[in-house]
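Protein chains: 2
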Amino acid sequence: MSLDPSAKALVPFVSVDHMMRLVHHIGIEKMLADLAATIEDNFRRWQSFDKTPRIPAHSDVGVIELMPTTDGELYGFKYVNGHPSNTFAGLQTVTAFGLLADMRTGYPVLFSEMTILTALRTAATSAMVARHLAPKGAKTMAVIGNGAQCEFQCLAFRTLVGIDEVRLYDLDPAATEKAARNLAGTGLRVVSCKSPEEAIEGAQILTTCTADKKYATILSDNMVGPGVHINAVGGDSPGKTELAEGILHRASIFVEFPPQTRIEGEIQQLAEDHPVTELWQVINGEAEGRTSQDQITLFDSVGFAVEDFAALRYLHGAIQGTEHFVLLDMLADPDDPRDLFGMVQRAA
Amino acid sequence: MSLDPSAKALVPFVSVDHMMRLVHHIGIEKMLADLAATIEDNFRRWQSFDKTPRIPAHSDVGVIELMPTTDGELYGFKYVNGHPSNTFAGLQTVTAFGLLADMRTGYPVLFSEMTILTALRTAATSAMVARHLAPKGAKTMAVIGNGAQCEFQCLAFRTLVGIDEVRLYDLDPAATEKAARNLAGTGLRVVSCKSPEEAIEGAQILTTCTADKKYATILSDNMVGPGVHINAVGGDSPGKTELAEGILHRASIFVEFPPQTRIEGEIQQLAEDHPVTELWQVINGEAEGRTSQDQITLFDSVGFAVEDFAALRYLHGAIQGTEHFVLLDMLADPDDPRDLFGMVQRAA
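From first to last, the protein sequence lines stand for chains U and C. In this text, residue positions in the first sequence follow our numbering: the first is 1, and each later residue adds one. In this text, residue positions in the second sequence follow our numbering: the first is 1, and each later residue adds one.
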């Protein structure tokens, strides 16, 4: 009897280092486009997924959440934390990892870091949604909040929407400098701005991705004119919003999964029956997206398990034939499945 | 700027191989006793835990479940599947892994295989509970169902309860032979039996741990006489029970977490308001355990998140100073937390 674990007992693991190498192997813009395509494909078959709001564990300083979903064939979940005060301790506000498993056997088939992958899928989702909602020919995007998500958004909108100018603003000029430095050489025209008002000048798309866990007003009502698309990324948990309520009353609001967005999104500010459109229906052609030039469209993004599932499914394919993973001895797999004790005993 | 991950970005990982080495390093009976002590300690402070029924994803052939809990300082969850048909494919019916994280930062502090650890904690929990409920001086235990859990139960009851004879029965004689072979030399007197009736002869403790996902009658009403303690391990999911209903009406029933046990345990056969006693109250001295010699006590075990939390907490301490883990590069941790993109960019 062999003590070596069998192939099924070994789970491919994509570390942070592997993920970074994979991004460069594929190319970040191609990876954003591939991710957007997979996410769009999974939105199109929305009704094949088991959907449930994420399962949170809250503390005074943050939250740890599990986000599971399944399409009946594969099962995926993400572990993600949100701890705004981490930044002051030199830690990431958001870290994540996730897993994909085979529903027929319950055996995991992929385990991966998802801090970087979440940043990529969030930006890919935003840009994919903007292709359906933003005004045609949009070339300029304002990005208010220049933290960890900012550059990913900029590149995704360049690749998928055709944005050629990004106008950056952050309360902390050092964050804007960091983003501008990182975006130099990407082909985007980068304008660092001294105020949110300056940032939104001439922008057809307004992206908000700030990190503070509070009711904030990143965009006030008078800043939002007719015809823009708002990509509201940062308002994503109870007590954390970015838009003045007045904007919400003037906008057509599009969401991922209403039961979750009503708790976590900008629309937590509104009545529970305020009308929203589900994005999967727009993507499917079952509901209308943008219907007029003057319409304000709002993607009230909170991030949903189906996007992570799609990202893991894409990753599972993308690592095949590469060296960008290792095999983890994660599953006990005795020769005789009933002889777990004997396996342990023989390891002596 | 360093590309090496910082210490906090590296998560200790205990593989299956590490776990087996750790079991031998500590000694399996000591480890069972240590686990029982930690689990008992966590039951004693039951009210400090966030408790929720596990979150399942069902298919025709099995289930994948997430079991999270937190005591406010640490957060733990287990991923576990249950696929009875896996055995025929040479796979484990149940595999598991789990994670422990710091609630203050959301950063994981331990990632581990939990197939072996679950087998250990399940047996440790059973034996710890039997110390509170089984008749004093019990020396003989019947074990019906001689699959993966059987030998762990036998050793835990030897170490923690003082059992010196185990009487084994399984529908498949090969399973009994396997268990008897593994238990040779442990100091237990092992009697292989040809029927459940033979197995229960003279036994003060009846352990059932069969694997079939159906309503089964492993113990019929007339097999259970006064004064015994029943340790019902196998009836642990909807549609999966082991005891004749008549037994339940004659027994004092003790459970881990009633909302979960009413769905998953033997008591799914009973009315929703059938009286049960919560084990944490017995352990705390707030409720009575065994009150008479003739009483039939039943531990309707289904396994609860607090037990896995306790096992992970124990493991986190047990690996310190050993070589029985590796560090996984699981968390992206740029020097500047807001510069995730720059970190990816610089890896080129």
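Treat the hints as calculated values from the structure; they're not laboratory data. Some hints here could point you the wrong way.
Pairs count within a copy or across copies, as identical chains cannot be separated in the list.
[Said to hold, decoys possible] Straight-line alpha carbon distances no greater than 30 Å define the calculated DSSO-like cross-link-like pairs of lysine-lysine that follow: (1) Lys-8 / Lys-139; (2) Lys-51 / Lys-214; (3) Lys-8 / Lys-214.
Bear in mind that the values here come from a model prediction, so they are computed numbers and not experimental data.
At most 30 Å between C-alpha atoms: does Lys-8 with Lys-214 qualify within a copy, between copies, both, or neither? between (45 Å within a copy, 27 Å between copies)
Is it within a copy, between copies, both, or neither that the alpha carbon of Lys-8 lies no farther than 30 Å from that of Lys-139? neither (48 Å within a copy, 41 Å between copies)
Indicate which option fits the pair Lys-51, Lys-214 if close means a Cα-Cα distance not exceeding 30 Å: within, between, both or neither. both (27 Å within a copy, 27 Å between copies)
Consistency with the previously given hints fails for number 1 only.
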